[in-house]
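J.: Listed here are the chains, written in short residue letters.
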Amino acid sequence: GEDVEQSLFLSVREGDSSVINCTYTDSSSTYLYWYKQEPGAGLQLLTYIFSNMDMKQDQRLTVLLNKKDKHLSLRIADTQTGDSAIYFCADPDTGRRALTFGSGTRLQVQP
Amino acid sequence: EPEVTQTPSHQVTQMGQEVILRCVPISNHLYFYWYRQILGQKVEFLVSFYNNEISEKSEIFDDQFSVERPDGSNFTLKIRSTKLEDSAMYFCASSERGATGELFFGEGSRLTVL
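Chains as they are written, first to last, in my numbering: chain B, 1 to 111; chain E, 1 to 114.
Because the hints were derived from the structure by calculation, they are not lab data.
Be aware that one or more of the hints could be misleading.
Derived lysine to any residue pairs resembling SDA-like cross-links, with alpha carbons at most 20 Å apart [as the list claims (entries may be wrong)]:
(1) B:67 - B:41
(2) E:42 - B:41
(3) B:56 - B:41
(4) E:42 - B:40
(5) B:70 - B:41
(6) B:67 - B:40
(7) B:36 - E:1
(8) E:42 - B:56
(9) E:42 - B:77
(10) E:42 - B:5
(11) E:83 - E:8
(12) E:78 - E:96
(13) E:83 - E:55
(14) E:42 - B:23
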């Protein structure tokens, strides 16, 4: 089945850029997603990218997709303390018709 | 803004007891899901539900688990005889278009099995 892998932890200083990386195995997906989970809350869609795009920019967020390497990244510019959360990469598992999530990357922003 | 609501937010139960977790999906959504997250681990798919029946289930979703849409609004997850390893946060999600669309998640129900 589908597998999605992420590094577990990233610490940055306020104002720096954060880059969260993800690799996936199912190359047939039409979309790939980034979800954010704040403490004590459910997952919330942050952004997504169509599989025929290499890059998508949305304010402080930039998503990069390398289909050849099956690598997805999320860059947060000018990271703020409010960005501290767990970020999940998600890929629709077309064989399963459900989203498969990575383990999540905990982003810690130091003031 | 419409949202997915889940109850209870936290349930503590004894091993072997039955538990029902409840979810009210967004009203015009057609696809419903349960996921779980054991503390510190991945968010794992349990089951998807469409057109009043299970469309997919994972290997985690064994005979101890069942889902039901008893009326037009609720979507429930039942665990028949809880085990210690069922302790987790259970998330309900709904979607208009299935896995290719955005999934809207509830805030989760934390289940603690003693």
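J.: Hint by hint, note whether the structure agrees.
T.: Here is how each hint holds up against the structure:
1. Of the pairs offered as hints, the one joining residue 67 of chain B and residue 41 of chain B is violated, with about 31 Å between alpha carbons and a cut-off of 20 Å exceeded.
2. For the given pair, residue 42 of chain E sits about 15 Å from residue 41 of chain B by alpha-carbon distance, which is consistent with the 20 Å threshold.
3. For the suggested pair residue 56 of chain B and residue 41 of chain B, the alpha carbons sit about 26 Å apart, so the restraint of at most 20 Å is broken.
4. The suggested pairing of residue 42 of chain E with residue 40 of chain B holds, with an alpha-carbon distance near 16 Å, which does not exceed 20 Å.
5. Distance hint between residue 70 of chain B and residue 41 of chain B is unfulfilled; the C-alpha atoms sit about 29 Å from each other, more than 20 Å.
6. Between residue 67 of chain B and residue 40 of chain B, the direct Cα distance comes to roughly 33 Å. Violation of the 20 Å bound is thereby established for this hinted pair.
7. At most 20 Å may separate the alpha-carbon atoms for a hinted pair to count; residue 36 of chain B and residue 1 of chain E meet this at roughly 18 Å.
8. Our distance criterion of 20 Å between C-alpha atoms is broken by residue 42 of chain E and residue 56 of chain B, whose separation comes to about 26 Å.
9. For the proposed pair residue 42 of chain E and residue 77 of chain B, the alpha carbon gap of about 26 Å is over 20 Å, so the pair is violated.
10. Between residue 42 of chain E and residue 5 of chain B the CA atoms are separated by roughly 10 Å; this keeps the pair inside 20 Å, and the hint holds.
11. For the proposed pair residue 83 of chain E and residue 8 of chain E, the alpha carbon gap of about 18 Å is at most 20 Å, so the pair holds.
12. Using a Cα cut-off of 20 Å, the hinted pair residue 78 of chain E and residue 96 of chain E is violated, with the two alpha carbons roughly 24 Å apart.
13. At roughly 25 Å between alpha-carbon atoms, residue 83 of chain E and residue 55 of chain E are farther apart than 20 Å, so this suggested pair is violated.
14. For the hint pairing residue 42 of chain E with residue 23 of chain B, the CA-to-CA distance comes to about 14 Å; that is within 20 Å, so the pair holds.
Violated hints for the displayed structure, listed by number in ascending order: 1, 3, 5, 6, 8, 9, 12, 13.
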